[in-house]
Each structure stands twice: as structure tokens, then as C-alpha cells.
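The residues making up each chain are set out below.
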Amino acid sequence: MRAIFAIARKDLRLLLRDKGDVFFTFVFPVVIAILFGFVFGGGSNSGSKLELAVVRESDSVLALGIEEDLANDAAFETTAFPTRDAAADAVRAGKVTAAVILPKSLDSGLEGLFSGQGIAIDAVVDPSRRAEAGLIQGKLNELAFRQFPKLFANGDEMKRAFSAARTSIASARGMSPTQKLLGAGMITAAESFTSSIGDEDASTNASGGGANGAAGNTADFTPIRVKVEELAPRAGRPRASFDVTFPQGIVWGLAGCFGAFASSLVTERARGTLDRLRLAPITAFHLISGKAIACLVAGLLVQALVFAVALTFFGSQIAQPAMLVVACFAAAFAFAGLAMALAAFCRTEAEANGAGRGAILILALIGGGTIPLFFMPPFLRTLSYGSPFRWAVAAIEGPFWRDTPVSEQVVPLVVLIAIGFLGWIIGARALWRPFAR
Amino acid sequence: MMRRNTQSSCVHYPSQSVLSLRDIHRRFGHTIAVDGLTLEVRAGEVFGLLGPNGAGKSTTIAIATGLLAPDAGAVDLLGLGSPANPKVRMHLGLAPQEITLYAELTARENLRFFADLYGVSNARARVDDLLALVELDARATDRVATFSGGMKRRLNLAAALVHDPKLVLLDEPTAGVDPQSRNRILELVRRLASEGKTILYTTHYMEEAAKICDRVGIVDHGRMLDVGTVADLIARHGGQSAVTVERDGAEERILTADPVAEVARQFARANSDRERGEVGREVTGLRIERPDLETVFLSLTGRSLRE
Chain R
1 MRAIFAIARK DLRLLLRDKG DVFFTFVFPV VIAILFGFVF GGGSNSGSKL
51 ELAVVRESDS VLALGIEEDL ANDAAFETTA FPTRDAAADA VRAGKVTAAV
101 ILPKSLDSGL EGLFSGQGIA IDAVVDPSRR AEAGLIQGKL NELAFRQFPK
151 LFANGDEMKR AFSAARTSIA SARGMSPTQK LLGAGMITAA ESFTSSIGDE
201 DASTNASGGG ANGAAGNTAD FTPIRVKVEE LAPRAGRPRA SFDVTFPQGI
251 VWGLAGCFGA FASSLVTERA RGTLDRLRLA PITAFHLISG KAIACLVAGL
301 LVQALVFAVA LTFFGSQIAQ PAMLVVACFA AAFAFAGLAM ALAAFCRTEA
351 EANGAGRGAI LILALIGGGT IPLFFMPPFL RTLSYGSPFR WAVAAIEGPF
401 WRDTPVSEQV VPLVVLIAIG FLGWIIGARA LWRPFAR
Chain X
438 MMRRNTQSSC VHYPSQSVLS LRDIHRRFGH TIAVDGLTLE VRAGEVFGLL
488 GPNGAGKSTT IAIATGLLAP DAGAVDLLGL GSPANPKVRM HLGLAPQEIT
538 LYAELTAREN LRFFADLYGV SNARARVDDL LALVELDARA TDRVATFSGG
588 MKRRLNLAAA LVHDPKLVLL DEPTAGVDPQ SRNRILELVR RLASEGKTIL
638 YTTHYMEEAA KICDRVGIVD HGRMLDVGTV ADLIARHGGQ SAVTVERDGA
688 EERILTADPV AEVARQFARA NSDRERGEVG REVTGLRIER PDLETVFLSL
738 TGRSLRE
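Respectively, the protein sequence lines represent chains R and X.
Numbered per the working numbering, the first sequence spans residues 1 to 437.
Numbered per the working numbering, the second sequence spans residues 438 to 744.
Worth double-checking, as some hints may not be accurate.
Beyond 12 Å from chain R on every Cβ pair, some chain X residues (computed) [unchecked claim]:
| no. | residue |
| --- | --- |
| 1 | Glu572 |
| 2 | Leu623 |
| 3 | Leu629 |
| 4 | Arg660 |
| 5 | Glu719 |
Looking from chain R toward chain X, a few residues come up when the C-beta cut is under 8 Å (computed) [said to hold, decoys possible]:
| no. | residue |
| --- | --- |
| 6 | Arg2 |
| 7 | Ala6 |
| 8 | Arg13 |
| 9 | Leu14 |
| 10 | Arg17 |
| 11 | Thr273 |
| 12 | Asp275 |
| 13 | Arg276 |
| 14 | Arg278 |
| 15 | Ala280 |
| 16 | Ile282 |
Examples of chain R residues lying across from chain X (beta carbon under 7 Å, computed) [unchecked claim]:
| no. | residue |
| --- | --- |
| 17 | Ala3 |
| 18 | Lys10 |
| 19 | Gly272 |
| 20 | Leu279 |
| 21 | Pro281 |
Note that these hints are calculated values from the structure, not bench results.
Source: prediction; values computed, not measured.
In this text, a Cβ means the ideal position worked out from N, Cα and C, and glycines have one as well.
My request is simple: use the sequences and hints to build the entire structure.
Structure below.
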């Protein structure tokens, strides 16, 4: 075992000390995942408009005003949705960044404000878009405040509000009779004040006073409450384009390992270090096992790294963690086998590098490593069955975001393990030959 | 005329054969690399395999280590059988002609890796000792890629010693290094020999062979032409020494078995001429050319070792 671990440790050290291998194994896959994530619509939209789904459940002046201002705001691109569920679906599917719900409660207009309840607006966001959620919350507050002048200038709205406030004071339990009398007097005074001024003045004065007055009634009174809800992911649908692109990034990382280890085996042969290994009291089994462990560890490391980035920075969530671990092992095993097979066919380092990179590119292109399979024409989708990329992506996506039943994950796992075994047999035969004297 | 007579007490197996190759044949396609070669390396000696490039030295080494199977013939290491057996080849260490190290690992990491492969106990101490032996302890944590050619050669040699083998095979260990590094490597080989290691040393530099080898085998076209101490080989194949005398602007080349006596005779003749008053007969220059391994090779093959 000591010899096997020595070989594995040595190969991992060599991998980590080769800048090119480190880039293609660990950096490139993350870059690919993020880049394609943005390309396929998961980006932060910085510099462009945030796409919002707007559900207006109220026909009140307040709701209409907020909807109109949202549509006119340069920061947003709004689309009207009939129901909350439809809007939430659009958020889950990554079609819009968030959904804004203007609820039925807005029918009460200023009544809620004067009765101490404030105005409530709901927002639904994808957890992976928390950065945008803050912006949306602030904007909604601003837009809601912007409605107050219109409401104060609206006589009917004001009458309804004063009436509701008077009723609210009369029924309030925590107020003494004196406080109730004073409150009712204030409402009457305010009512006669607002009815005595013209529309334009009312519009100007009420803008600040209404908000400030409401805020001054109680210390914790919030005139506008924007409630932001994070959506729970729905099984079987990517919550954002990053859910699709990170598995792609992972297979690119595995491909990087595959290229690096194929090249390392050829290098051992070309530079004569294989002869030193053959002279040592080890067998081909030790050498192959050591290389296998190194390749597997590197493959698992790259997968862990890519998932860490996905979970930490892009709000991804894993549907079936245990199955994902199995899929990661199977994918790493398959690509390690491919590395062995490639090394068996190549005589020189240049051959391994050229053939390795070429094979990776072709297999990635047809296997959905760059463009997701659902964007491909049917014949390419059929061709993709010949690419280990396809099977690796399928195996990882299943437990990652698709939440595929375990029975349906068996096929890609079996195919990956078969690819791995085949590659190992081909590679081992080539390595075994020099050891058989 | 064994150079290392005074060191014989360090040799553990004075008469035992460490490596024996009997009638080895090996061809690559139509090219005959080794053609019926036989040699025996005795315990504690430095055996030099001297021959030009392409003579079959490296193929012989590969067969001796078990890296290459002979087409015919037998190899035996320490009386244990063929080195193709991992348990047998444990007893040999090879420093190949190429630098077979991992350039991106440090000197210490390289040696530690090979120590782990051989299951060396107390590997850390062993690696430190070897780094000190090859004078690379100050560069232990530097990557091999940053080393000079001579430093790489020394580390290449240290990697062959990591498991403390009985037989060390050094295939052209000074190829491509500067004279200073070459001297350090030769000094290292001498030191290993003095510590009782048996060494098979291939080279095409006759000076090296003459300097450090107890016995030398002359190889050409895959055949062992002769084996013996340097003195024996010269005595057998070197022919006579040449004394070249410059007199009166002319040179006279005299072949003799006893160059010292010949020089004395020439001076005596010059004195006699002077006494007789013969002007212009005085010796103005004198040069002695003793036969060496180059002469031996020329005599055995009809061509120069350097061709």
C-alpha cells in the first residue's frame, strides 16, 4: 500500500505543480460554468434591466400606480402574470429574476396606512438571485412612497382613509377615552384641512406629511412593508441556468484531469521514469492503482470545488446528496479510465496532449459539454450517446437538480462505470506489458 | 596492479560474482545490439564497460537490470537468478543515462518517492544521508527543474542508491556535464567503491575508465573484446611506448618496451656526441607516449574510440 500511495501522492503533486494542468482541471471548469450560466440567462443583469413578473391582484389606485411606475422604471422589464403561481413558475424556471405581487389588500389604499397596518407588497425571488432581491425591495419601497401624493390628492381615497381611521380609533382597546377623543379630533382637523385646500396643494403637502405622520404614530410602524419570499426549488426543473452549466463545468474539470493524467503516463514512458518504476519491487497493479487513486482524487476534488462554488455563490441546492456522491465517483472513474486508454495509444507527450485535447473538444461538443443537449438538433442528441460527457452530465444532473428517481439514474451510472472499466483494461494492458518480463 | 589494493578490507565478498552475463544475444529488428556478450562483475569492484556510442553498453545494462529480456543467454544476480524477478532486482540500483527524475518535484521529494517505492525503513534519514552524500542537501527543497546538469546527474545517482543496493549500475553517469561536475561524480563513485559497493560503470571516456575502474571490459558491436585490469589490457594490446626525440630540427620516433631506459640512452648518446665535438646533435626535445586504453581499443578494433 505504501508504494501505491507514494505513486498517488507523487502524481497529485505533479498535477498541482503544472500550471497548465491546474488551470484546465480546476479553473477552467468554474469559468466555463459561470460563463455559460450567464450566456444561458442566469446572469446578474448588471448593466441591463431586471426582468420582473408582476401580478396585480388589486385594482386600487395604489396597485395601478405601482404597476405603472414599475413598467416605466428604467431598472425593470416587467411582464404581467395572471396568478402568483404562474409568476413563481417563471422565477423557478429562470425566465424572470423575481415576481412582484400587488396583493388584494392594496384595495384598502390609505386605510391600511392610517389604521397602523401599513401597505404590504410581496416579492418572490430565486434564492440564487439574492443580490437582486435587495435592489428590488428598495425599489418597491421607493415606488410605494411615490404613490402617496396621488392618494392624498384623491378625495375619495382620503375620505375612506379618514373614515377607516376614525373607526379604528374608536375600536382601539389600548387607548384611553381621552386619547380616543384627541385622536378623533386630529382626524377631523386633518379632514377639514385636506378638504379646504386645492388639489395641487394637497398633492404637495400630503406627500411628506402623510408618510411622516403615519411613521410618527408608533415607534415601530412601517408604512410600507415589502415581504420578500425565497422560492423553494421545484423538483425536476433547474432553478437557474447555473444548475445546468455547473454539471457541464464539472465534466470539463474531469476532462482536464483526463488530459493531465493521460499525459503523465506518457511522460513517465517518454522520460524514462517508467523504467525506474519498473526496477522497483512493484508490479503493474501497484502502478495502475496508484495512478487510479490520484486520478480519482483529482476528479473528486474538482467536482467538490465546482459544487462549492455553485452552492456558495450561485444558490444551487443539491436534491439528492448521497446519489450525487455516487455519480461523482462514477464520473471520476470513467474519466480516469479514459485517461488510461488514451495513454495506451499515445507514444509521445505531444501525441497525448494533441490527441487528448482534440478528443476532449469533440466529445464535449457532441456530449453537451458546451451547449446543453436540449438546444441541439435531434441527430446531434442521438450522436451524444457516444460521448462520456453526456453520461457524466446526465449522472450528475439527476441527483443535483433534476431530482430524478434513483431507478432512472442507474443507466448513466452503469454506462460511466462501463466506460471506466473499458478504459482501465485498455490502459492496464499497455502498462502491464513493460512489467511482464 | 589493482588500484584499490589498500581498500580490499572494505570489500565484503572478495571472490564472489555479483553479476554474471553469459553469452547474451539481443537484436532489435535487423540490428544486432548484443552479440554473445559474456561478463562477470566481482563483489566490491568497479567494473568499467568501455566502448564507443552504439557499442551495446546501454542494452547490456538494460539486460543486466532485467528491464530488457535477452533473446538468448543467461543473467544471474548474486547467485539468486534473473533480475527479472522483483525480489532479485531489489539488490541492484540503476542510474540510467537519461535523467530519470521528476523535474517538478524537489530533490527530497524525488528521493522520498523512490524510497517509498522500495519500502525503505526510516526513509527520511536515508534521504537526508543521500542528499548529503551527493552534496545537494542545501538544495533539498528546490525543484529538480532548477538544477544544473551536474546536480541532476548526482541526484540521478542518489536515486539509484536509495534502497542501499549491493550492485550499482551507472550508465554514462558523466554524459553531458562540465569537468568540475564530472570530477565530483567520479569522486562519488570512488567513495561508493570504498564503502564496498559493487559498481558496473559504462563510459566512452577512456580516462574515466582508467581512473576509477578495477577492471575494464572493451565492448564493440555488442561483443566483449577483452576484459582485464587497465595494466593487463595495455600489456596485452597496447604495444610498445614511443619515445620521440627532437634533434637538429628533426624528430625521431623510437618504439620501446622500456621508455625510461630509452630516454637515458638518448641522453648518453647526446653527451657522447658533445664530447666528440659534433655540433648540432644535441637533444632539443623529448616526448614519451605510453600506450593507453585508446591504443588498446585501436589495437582491438582497428579504429579509434573517439570515431
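The hints, checked one at a time:
1. The Cβ of Glu572/X sits about 22 Å from the closest Cβ of chain R, beyond the 12 Å cut-off, so the non-interface label holds.
2. Here Leu623/X stays apart from chain R, with its beta-carbon at least about 23 Å from theirs, past the 12 Å limit.
3. Residue placement check: Leu629/X keeps its beta carbon more than 12 Å from all beta carbons of chain R (closest about 18 Å).
4. Distance to chain R confirms Arg660/X as a non-interface residue, since its nearest Cβ pair spans about 24 Å, more than 12 Å.
5. With a least beta-carbon separation of about 61 Å from chain R, Glu719/X lies farther than 12 Å from that chain, consistent with its non-interface assignment.
6. Given hint, Arg2/R at the interface with chain X, holds; its Cβ is 6 Å from that chain's nearest Cβ, closer than 8 Å.
7. For Ala6/R, the suggested interface contact is upheld, since its CB lies about 4 Å from the closest CB of chain X, less than 8 Å.
8. Using the Cβ-Cβ criterion of 8 Å, the hint placing Arg13/R at the interface with chain X is satisfied: the shortest such distance is roughly 6 Å.
9. The interface hint given for Leu14/R is met, as the beta carbon of that residue sits about 6 Å from the closest beta carbon of chain X, less than 8 Å.
10. At its closest, the beta carbon of Arg17/R sits 4 Å from a beta carbon of chain X; the interface hint therefore holds under the 8 Å criterion.
11. Against a cut-off of 8 Å between C-beta atoms, the interface hint on Thr273/R holds, since the closest Cβ of chain X lies about 5 Å away.
12. At its closest, the beta carbon of Asp275/R sits 6 Å from a beta carbon of chain X; the interface hint therefore holds under the 8 Å criterion.
13. Annotation: interface hint on Arg276/R holds; nearest CB of chain X at approximately 5 Å, less than 8 Å.
14. Among the interface hints, the one on Arg278/R holds; its C-beta lies about 6 Å from the nearest C-beta in chain X, closer than the 8 Å criterion.
15. Among the interface hints, the one on Ala280/R holds; its C-beta lies about 4 Å from the nearest C-beta in chain X, closer than the 8 Å criterion.
16. The interface hint given for Ile282/R is met, as the beta carbon of that residue sits about 6 Å from the closest beta carbon of chain X, less than 8 Å.
17. At a threshold of 7 Å, the smallest CB-CB gap from Ala3/R to chain X is about 5 Å, leaving the interface hint in force.
18. Interface hint status for Lys10/R: upheld, as the beta-carbon distance to the closest one in chain X is roughly 5 Å, under 7 Å.
19. Hint status for Gly272/R relative to chain X: holds, with the closest Cβ pair at about 4 Å, below 7 Å.
20. Satisfaction of the interface hint for Leu279/R is found here, the shortest Cβ-Cβ separation to chain X being roughly 6 Å, below the 7 Å cut-off.
21. With 7 Å as the threshold, the beta carbon of Pro281/R comes within range of chain X, its nearest partner Cβ sitting at about 4 Å, so the hint holds.
Checked against the numbered hints given earlier, the structure satisfies every one of them.
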